Amino acid sequence: MNTTDTLNPSSGPAHDLHHHNPSFIKKYIFSTDHKMIGVQFLITTLIMMLLGGALALGIRWQLAWPWENMPIFGIKFAGEGGQISPEFYTMLFTMHATVMIFLVVIPILAGAFGNFLIPLMIGADDMAFPTLNMLSYWFMWPAIFFFGLSFYFGGAASGWTSYPLLSALPEAAPGSGHAQNMWLIAVTFVGVSSMMGSVNYMTTIINMRAPGMTLFRMPLTIWSMFITAILQAFALPVLTAAGFMMLFDRAALGGAFEGIHTSFFIPSGIVVNNADPTVGGGQALLWQHLFWFYSHPAVYIMLLPAMGMVSDMLATMCRKPIFGYKPMAYSLAAIAGLGFIVWGHHMFTSGMNPALGMTFMVSTIMIALPSAIKTFNWIGTIWGGKIRFNTVTLHCIAFVSQFVVGGLSGIFMAAVPVDIYIHDTYFIVAHFHYVLFGSTLFGIFGAIQFWFPKMFGRMMNERLGKIHFFLTFVGFNGTFFPMHLLGVAGMPRRYADPYIHPYLEHLMPMNQFITICALIMGLAQLILIYNWVSSIFWGPKCGPNPWNANGVEWSAPSPPPHGNFEVIPTVYRGPYEYSSPLVQGRDFLMQTELLPPPEPDEPDDPDVPAGSAGPAEQDAPNDSPEDPATGTDGEPGEASETAAEES
Amino acid sequence: MSRIFWCLFFTFWPIAAIVVCAIAPAMDWGFPGNREAATPLGQRIDDLFYLILGIVTVAFIGTMGALAYVLWKGSKNEDEKGWFSHGSHNLEVIWTIVPSGILLFIALYQIDVWAIYRVRDYENRDADPRPTHLVAEVTARQFEWRIRYPAPGKKFKTYKEVKDWLARPHAGDVYAVNKLFVPLNRETLIYLKSGDVQHAFFVPDLRVKQDAMPGQSIDIWFTVNRAGKFNLTCAELCGWGHYKMRGEVEAVEDLQAQLRRLKSLQDYDGVTPPEGAPGELEGATP
Numbered sequence: 001m002n003t004t005d006t007l008n009p010s011s012g013p014a015h016d017l018h019h020h021n022p023s024f025i026k027k028y029i030f031s032t033d034h035k036m037i038g039v040q041f042l043i044t045t046l047i048m049m050l051l052g053g054a055l056a057l058g059i060r061w062q063l064a065w066p067w068e069n070m071p072i073f074g075i076k077f078a079g080e081g082g083q084i085s086p087e088f089y090t091m092l093f094t095m096h097a098t099v100m101i102f103l104v105v106i107p108i109l110a111g112a113f114g115n116f117l118i119p120l121m122i123g124a125d126d127m128a129f130p131t132l133n134m135l136s137y138w139f140m141w142p143a144i145f146f147f148g149l150s151f152y153f154g155g156a157a158s159g160w161t162s163y164p165l166l167s168a169l170p171e172a173a174p175g176s177g178h179a180q181n182m183w184l185i186a187v188t189f190v191g192v193s194s195m196m197g198s199v200n201y202m203t204t205i206i207n208m209r210a211p212g213m214t215l216f217r218m219p220l221t222i223w224s225m226f227i228t229a230i231l232q233a234f235a236l237p238v239l240t241a242a243g244f245m246m247l248f249d250r251a252a253l254g255g256a257f258e259g260i261h262t263s264f265f266i267p268s269g270i271v272v273n274n275a276d277p278t279v280g281g282g283q284a285l286l287w288q289h290l291f292w293f294y295s296h297p298a299v300y301i302m303l304l305p306a307m308g309m310v311s312d313m314l315a316t317m318c319r320k321p322i323f324g325y326k327p328m329a330y331s332l333a334a335i336a337g338l339g340f341i342v343w344g345h346h347m348f349t350s351g352m353n354p355a356l357g358m359t360f361m362v363s364t365i366m367i368a369l370p371s372a373i374k375t376f377n378w379i380g381t382i383w384g385g386k387i388r389f390n391t392v393t394l395h396c397i398a399f400v401s402q403f404v405v406g407g408l409s410g411i412f413m414a415a416v417p418v419d420i421y422i423h424d425t426y427f428i429v430a431h432f433h434y435v436l437f438g439s440t441l442f443g444i445f446g447a448i449q450f451w452f453p454k455m456f457g458r459m460m461n462e463r464l465g466k467i468h469f470f471l472t473f474v475g476f477n478g479t480f481f482p483m484h485l486l487g488v489a490g491m492p493r494r495y496a497d498p499y500i501h502p503y504l505e506h507l508m509p510m511n512q513f514i515t516i517c518a519l520i521m522g523l524a525q526l527i528l529i530y531n532w533v534s535s536i537f538w539g540p541k542c543g544p545n546p547w548n549a550n551g552v553e554w555s556a557p558s559p560p561p562h563g564n565f566e567v568i569p570t571v572y573r574g575p576y577e578y579s580s581p582l583v584q585g586r587d588f589l590m591q592t593e594l595l596p597p598p599e600p601d602e603p604d605d606p607d608v609p610a611g612s613a614g615p616a617e618q619d620a621p622n623d624s625p626e627d628p629a630t631g632t633d634g635e636p637g638e639a640s641e642t643a644a645e646e647s
Numbered sequence: 001m002s003r004i005f006w007c008l009f010f011t012f013w014p015i016a017a018i019v020v021c022a023i024a025p026a027m028d029w030g031f032p033g034n035r036e037a038a039t040p041l042g043q044r045i046d047d048l049f050y051l052i053l054g055i056v057t058v059a060f061i062g063t064m065g066a067l068a069y070v071l072w073k074g075s076k077n078e079d080e081k082g083w084f085s086h087g088s089h090n091l092e093v094i095w096t097i098v099p100s101g102i103l104l105f106i107a108l109y110q111i112d113v114w115a116i117y118r119v120r121d122y123e124n125r126d127a128d129p130r131p132t133h134l135v136a137e138v139t140a141r142q143f144e145w146r147i148r149y150p151a152p153g154k155k156f157k158t159y160k161e162v163k164d165w166l167a168r169p170h171a172g173d174v175y176a177v178n179k180l181f182v183p184l185n186r187e188t189l190i191y192l193k194s195g196d197v198q199h200a201f202f203v204p205d206l207r208v209k210q211d212a213m214p215g216q217s218i219d220i221w222f223t224v225n226r227a228g229k230f231n232l233t234c235a236e237l238c239g240w241g242h243y244k245m246r247g248e249v250e251a252v253e254d255l256q257a258q259l260r261r262l263k264s265l266q267d268y269d270g271v272t273p274p275e276g277a278p279g280e281l282e283g284a285t286p
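Line by line, the protein sequences give chains A and B.
If you count by my numbering, then the first sequence holds residues 1 to 647, one letter each, in order.
If you count by my numbering, then the second sequence holds residues 1 to 286, one letter each, in order.
Excised from the complex, chain B in its bound form:
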């Protein structure tokens, strides 16, 4: 009796696990907002996630099924002795080669996305497509995101100019805190810095995460293809207020318009209403 109970007990949990995973999307336990990523690369990450999920689900059912089977058989074994076997060379070979093939496939299949996500840009980090994509510099500090945009309309031609802009503040720069505007459907380049300790720039909806290392300036590339506001959080422990580094990334059609609006709010002298955003004066912070 108790043997049957324990066999059922160990069979029940894997089934429960699969059921929970199966109903997870319906219960809103899946990816944020239960939606696919808002970047093309993020969608490929999702696909890879589901690919691995499929493979491990098969492996999970296989192993747990085998475990349940041998438990069941072993619990009903009425022989005087167990099966005297020291193993099987053939089986060892099979269950070495098959998993290694699957694992190698998983590993190699991932490389492409990682190469696009980070490696190619890193290898070409002194090359020239970057000036046209630069959107902002984000500096993480305890416990907020400080954002600096180039002056509205400013165009960079060479990487040298970009480096120069990154090195120090420039006249006309637009400053903001905790709210980052990025262009919609356009490749975006953010330079990530840390003002103090280590942080991590994490936008779950975009599947973007990058640590901000003190003393380094790290570039992040992504293309947002869905308009809207996305939560920006810190993913690396940065002190007692780690949890409250709440920010927002908003993808907009016309980035320059937003920058002009921010600029006029920034320049507001308290007398002349700014051109772009007359209605926002009350909430404007100089």
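Bound conformation, chain A alone:
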């Protein structure tokens, strides 16, 4: 089973394996090993997920039983006898979104899985810049610290979108004082951390692929991480700049910018809460453009890596090559490209030039196309597979089915006239939770279970995994599907008490139902945490390739040592050759496996481009599956053609 390539005598030791025994601090805290950094990110983000979830339950409590004393946590909440006050409520949803987006979803995908998987999956010994990589983790901590300070000052409360003037004028709301400054500084640190990561990922993927790992032999996970890194690198500076503009406008940082006091976003003559009228001549709409120019691509930063990982997991668990590898890769790129020209769809009702609404509508609706292609290809991947119904598979199927819901509901708000009505209602809340939770988070849960053996050399518990999946899936749909209906009924977002509006009174029972489902879903995450932690210590041990998967990472020991591979692996084919007729008695064929009889041309020059004199028969994602050398390749090609025609 251990197919680690030993047939490649030319490969030297990948890394100085035995050069030292690092101290505890070097090994576990200030580690430059990408695997340890990935695990650090994972632990940090899982803790933050619990915090973000607790904030969400606070929101749900208020919506189901407004102004009732909150159980358990109520004592800590607000001054007035355990009630959630309206200003506390605005803080709750602001910080819920902030924590979930900036401290959970983005860092868990790029930080945890990007770090852990990229070098392993491309056959590198580490990232290109290990120290920068370590810094990218440690720059999360100032961010967490400043978000914590924001809580200390009462919590930022202008939404995670922080639209001015609510966020720009300290007088505008209780949360718009120091708490907002701290929030802006924290977001800047998150940005710095992400930027360090993305530079590293791009460099690593371009330069450090193992011999034979051509671009089109890369797993889709790597494709998605690569494209995500590009998105981050190009979109993030805009948010960072906007954040500093806002800080200058606020003359923040303890008076350090006192002399600056710009007015990028502040028009003149505005009186907020009897404060002095503003001087200025700025434009509040500018913030929305800058913010969404980053934050719409950020939506894809929060989705694409999960798409890639699900593609890998689905192929493995269905024992089938990915259906349409190249369309999958191209549609990732198309989503990313289109992702840069759709930001205006967040602003259809904002008062920007309405002619822009038309162009943004067309580009936004067209972004559904690559998403649809990916969905069809996932279904195609399952089609004809030999499915293993384990926890990983269940999460992947959930990903696909929830992504269908989230993708289809997106068409409603892409259409400007319909969006006029549903904009800023719970329909939007339903939509993005289907995408970010229903898709991304289920993908993440699957990935946690799938790569756990590689991280820790042990397996997670299947039974607990399935219980967690069942409760999460049921709770999730019970929570977020009815929100579509709330939105159509006209219930706006971010209302501390919707029921003072007569037309929303009758929605209270539905909100109570949603809260109960959310509670189930929230409690179910404790099972995941328990399973995760206990499996690190007591899970059954496993070998290097417990899933019989093809990827390069599965040829390394579990867990891989410092330097990952004993010898630099050589890649002979794409990552999805499951059920290949080339091998008998098993249904996987690893990327690093050299099949006998070897080509006359020993792969001492494995860098040859795919399809040329090298091991061409093993490069199946290429367009020429028929290879005269083996004589068996023609059949599956024909079989697939006929089956496709029959359908």
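Certain hints may be false.
Unchecked claim - No farther apart than 30 angstroms at their CA atoms in a straight line, the calculated lysine-lysine pairs in the DSS-like style are these:
no., chain 1, residue 1, chain 2, residue 2
1, A, 326, B, 76
2, A, 326, A, 541
3, B, 73, B, 154
4, B, 163, B, 179
5, B, 229, A, 386
6, A, 466, B, 76
7, A, 386, B, 73
8, B, 229, B, 193
9, A, 541, B, 193
10, B, 155, B, 193
11, B, 244, B, 179
12, B, 244, B, 155
13, A, 466, B, 244
14, B, 179, B, 193
15, B, 160, B, 179
16, A, 26, A, 386
17, B, 160, A, 466
18, B, 154, B, 179
19, B, 193, B, 163
20, B, 73, A, 326
21, A, 386, B, 76
22, A, 326, B, 81
23, B, 193, B, 160
24, B, 179, B, 155
25, B, 193, B, 154
26, B, 179, B, 157
Keep in mind that the hints were calculated from the coordinates and are not lab data.
Keep in mind the model is a prediction, meaning the values are calculated, not measured.
We have chain A; now place chain B onto it with these hints.
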């Protein structure tokens, strides 16, 4: 056994979703008051909504049906190996072209309503039909709607006069808070401003929503074709009291009569009963 369970599990949820949507109107989970929009343009928005709903329902049933089918087949697969296929070029072409056609149709089909709703007026914003339609200026502030009507009977002739009226208060203007009267079956023009932070003017029954941007004056056009009172809410986070910006839009046959009534209440000196509304003195706020 467990395979069959999971196949049924994943088949159950899409069906449940469709059932919930099907019974939604009967359970009063649909549009507010379970009624169609009270503006012609709003009715067209509803139609577009249902058009998209129909298309995505077909797509939903198709994809979920396909998913259930491949799961079912895959769970019963007794072969030694899975089907060794890297995909199908023909299928890729089909499922690229067909959805892109449908999506393009959806996109282009929407443009007309948006053009009427906002673009044409925006492009003609200095032109002249506006003076006759002007009803009020609405200024959103934390956490109420301040409304200013021109003096009862006042007629604007040119856009210049409108601009002049908008620029500053005028003698005879009628002021109100949180209650906006609009004419029935007549094109209505509201100028929306913000006094402080960003708000959004949202009347669910009319399918009207427009953000109030600080420093801008944005015009909203609509024609109410059903008499009655409609909830006015704020749809853009504006601070801790965002939820309580509760207002009301009432469509009336005779707007001028209402304005005269408001005016006489406003001018009430505490001695001479106003002509239009003698009965309302107790509740009158100067």
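Results of checking the hints against the structure:
A hinted pair counts as satisfied when its Cα atoms are at most 30 angstroms apart, and residue 326 (chain A) with residue 76 (chain B) qualifies at roughly 29 angstroms. Only pairs whose Cα atoms come within 30 angstroms are accepted, and residue 326 (chain A) paired with residue 541 (chain A) is rejected, the gap being roughly 36 angstroms. Distance hint between residue 73 (chain B) and residue 154 (chain B) is unfulfilled; the C-alpha atoms sit about 74 angstroms from each other, more than 30 angstroms. Annotation: proposed proximity of residue 163 (chain B) to residue 179 (chain B) holds, straight-line Cα distance about 23 angstroms (limit 30 angstroms).
Between residue 229 (chain B) and residue 386 (chain A) the CA atoms are separated by roughly 60 angstroms; this puts the pair beyond 30 angstroms, and the hint is violated. With a C-alpha separation of about 20 angstroms, the suggested pairing of residue 466 (chain A) with residue 76 (chain B) holds against the 30 angstroms cut-off. The straight-line distance between the Cα atoms of residue 386 (chain A) and residue 73 (chain B) is roughly 9 angstroms, inside the 30 angstroms bound, and the hint therefore holds. The hinted pair formed by residue 229 (chain B) and residue 193 (chain B) meets the criterion: a straight-line CA distance of about 22 angstroms does not exceed 30 angstroms.
The hinted pair formed by residue 541 (chain A) and residue 193 (chain B) fails the criterion: a straight-line CA distance of about 66 angstroms is larger than 30 angstroms. With a CA separation close to 22 angstroms, the supplied pair residue 155 (chain B) and residue 193 (chain B) stays within the 30 angstroms bound. In summary, the hint linking residue 244 (chain B) to residue 179 (chain B) is supported, as the alpha carbons are separated by about 14 angstroms, within the 30 angstroms threshold. Our distance criterion of 30 angstroms between C-alpha atoms is broken by residue 244 (chain B) and residue 155 (chain B), whose separation comes to about 34 angstroms.
In summary, the hint linking residue 466 (chain A) to residue 244 (chain B) is not supported, as the alpha carbons are separated by about 43 angstroms, beyond the 30 angstroms threshold. Using a Cα cut-off of 30 angstroms, the hinted pair residue 179 (chain B) and residue 193 (chain B) holds, with the two alpha carbons roughly 16 angstroms apart. As the CA atoms of residue 160 (chain B) and residue 179 (chain B) are separated by approximately 27 angstroms, the hinted pair is consistent with the 30 angstroms bound. For the given pair, residue 26 (chain A) sits about 44 angstroms from residue 386 (chain A) by alpha-carbon distance, which is inconsistent with the 30 angstroms threshold.
Annotation: proposed proximity of residue 160 (chain B) to residue 466 (chain A) is violated, straight-line Cα distance about 69 angstroms (limit 30 angstroms). Of the pairs offered as hints, the one joining residue 154 (chain B) and residue 179 (chain B) holds, with about 20 angstroms between alpha carbons and a cut-off of 30 angstroms not exceeded. Our distance criterion of 30 angstroms between C-alpha atoms is met by residue 193 (chain B) and residue 163 (chain B), whose separation comes to about 14 angstroms. Taking the CA atoms of residue 73 (chain B) and residue 326 (chain A), the gap is about 25 angstroms. The hint holds against a cut of 30 angstroms.
Restraint check: the Cα-Cα separation between residue 386 (chain A) and residue 76 (chain B) comes to about 8 angstroms, which is no more than 30 angstroms; the hinted pair holds. At most 30 angstroms may separate the alpha-carbon atoms for a hinted pair to count; residue 326 (chain A) and residue 81 (chain B) meet this at roughly 23 angstroms. Using a Cα cut-off of 30 angstroms, the hinted pair residue 193 (chain B) and residue 160 (chain B) holds, with the two alpha carbons roughly 18 angstroms apart. Between the alpha carbons of residue 179 (chain B) and residue 155 (chain B) the distance comes to roughly 22 angstroms, so the proposed pair stays at or under 30 angstroms and holds.
Straight-line distance between C-alpha atoms of residue 193 (chain B) and residue 154 (chain B) comes to about 21 angstroms, which keeps the hinted pair within the 30 angstroms bound. Our distance criterion of 30 angstroms between C-alpha atoms is met by residue 179 (chain B) and residue 157 (chain B), whose separation comes to about 27 angstroms.
Checked against the numbered hints given earlier, the structure breaks hints 2, 3, 5, 9, 12, 13, 16, 17 and satisfies all the rest.
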